[in-house]
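Q: With chain X's structure known, arrange chain P on it following the hints.
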Amino acid sequence: MKWLLLAMLLMAQPATAIDPLPFKDRAEEVRFQNLTKQLRCLVCQNQDLADSDADLAKDLRQQVFKMMQSGKSDAEIKQFLVSRYNDFVLYDPPLKPGTWLLWFTPGVLVLVGAGVLANILRRRGQSRLTASAQIAASDGEPGDSGNIDPREDW
Amino acid sequence: MKRLLPFFVFVALCGLLGFGIWWNTHHEMNEVPSPLVGKTAPEFTLPLLYEPAKSLGRKDLLGQPYLLNVFGSWCPTCQDEHPFLMREGKSLGIRLIGLDWKDQPEAAKRWLQQFGNPYQTIIADEDGHAGIDFGVYGAPETFLVDAQGVIRYKRIGMLTPDVIASELKPQIAAISAGRVATP
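These protein sequences, in sequence, are chains X and P.
Residue numbers 1 to 154, in the numbering used here, belong to the letters of the first sequence in order.
Residue numbers 1 to 183, in the numbering used here, belong to the letters of the second sequence in order.
Chain X extracted, bound-state conformation (with noise of 0.2 Å):
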């Protein structure tokens, strides 16, 4: 038992990251963890390139640290990728005619839902206000109230 636990202790190794690079400081090391979680692995797509495991992921980190070594900057790197492989390595897609629909839809359709809602709103204030003026108007005259619905409208 002793030395089972102690075989399993040896084997045991600290978590490391999939494919330890060379940084020269922290810096450069948070900076290649920011710009890998911005990217999308083409490989299995819905993780990003500093989480997956494949084999085209870790070439693709590679290539990335590559660039960050000779002096590229981000938007640069996010270029040579984009100009490969699509906007669909960019985990958030750029704002041009082409994703117009995809940025502006959810923000018109909160307007337009908002545009119905007042519609709908002023319609039921209305004929709330035609019924007790119909009300006034009959004053006293039995069984005329209670006629008017004001959901009738909708």
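Bear in mind the hints are in silico, worked out from the structure with no lab data behind them.
Just so it is clear, the structure is predicted and the values come from calculations on it, not from any experiment.
Just so you know, not all the hints are guaranteed correct.
[To be verified] Below 30 Å or equal to it, Euclidean Cα-Cα: the simulated DSS-like pairs (lysine-lysine) are:
id: 1; chain 1: X; residue 1: K66; chain 2: P; residue 2: K54
id: 2; chain 1: P; residue 1: K154; chain 2: X; residue 2: K66
id: 3; chain 1: X; residue 1: K78; chain 2: P; residue 2: K39
id: 4; chain 1: X; residue 1: K37; chain 2: X; residue 2: K78
id: 5; chain 1: P; residue 1: K109; chain 2: P; residue 2: K59
id: 6; chain 1: X; residue 1: K78; chain 2: P; residue 2: K59
id: 7; chain 1: X; residue 1: K58; chain 2: P; residue 2: K54
id: 8; chain 1: X; residue 1: K37; chain 2: P; residue 2: K39
id: 9; chain 1: X; residue 1: K96; chain 2: P; residue 2: K109
id: 10; chain 1: P; residue 1: K154; chain 2: X; residue 2: K37
[Unchecked claim] According to the in silico footprint, chain P covers these stretches of chain X (three or more CB under 8 Å from chain P):
id: 11; region: 34 to 46
id: 12; region: 53 to 59
id: 13; region: 78 to 86
Virtual Cβ for every residue (Gly too), placed ideally from N, Cα, C.
A: Showing chain P alone in chain X's frame:
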């Protein structure tokens, strides 16, 4: 009329659902359209698989259209695709260049010996950098490049007889007729 409005909304939603189903069955959801189609093929110079001392580059291939097939001996779908290339490769009428992607040359040679070699020339991209420049993310992938070195068509995934007949051959015909095909 107003009472029917919810019904029309319902019909519209059904239509949307039907369109979604149709779209999903006619499109590969994982497919990332290449931004390289219509652009000049990226620069590359790679050693030949069978004569590593010699190399082949983008410029060497100008003048005649060619089909660049990205494969690897490690890739099971390439193995499925392989018989179709063996059978139909010659009938395409253009050069078939193999790009052995992220593969060990020895493994690739064994693989080709076992299944046959449909390629005129094979270039070896062992570290996969040329593949990245071509925007390859999963073998097999196939690029049709015209005589001016412009990528005219890209197939992600297997070239089936159906795809060869309905997509690849019309594209090749369009290139030799000197016009741009509309897929």
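Q: All hints, please: hold or fail.
A: Okay, the hints, checked on the actual structure:
| no. | hint | verdict |
| --- | --- | --- |
| 1 | X:K66 - P:K54 | 27 Å, holds |
| 2 | P:K154 - X:K66 | 28 Å, holds |
| 3 | X:K78 - P:K39 | 19 Å, holds |
| 4 | X:K37 - X:K78 | 12 Å, holds |
| 5 | P:K109 - P:K59 | 26 Å, holds |
| 6 | X:K78 - P:K59 | 27 Å, holds |
| 7 | X:K58 - P:K54 | 29 Å, holds |
| 8 | X:K37 - P:K39 | 29 Å, holds |
| 9 | X:K96 - P:K109 | 46 Å, violated |
| 10 | P:K154 - X:K37 | 28 Å, holds |
| 11 | 34 to 46 | holds (count 3) |
| 12 | 53 to 59 | holds (count 3) |
| 13 | 78 to 86 | holds (count 5) |
Comparing the model with each earlier hint shows a violation of hint 9 alone; every other hint is respected.
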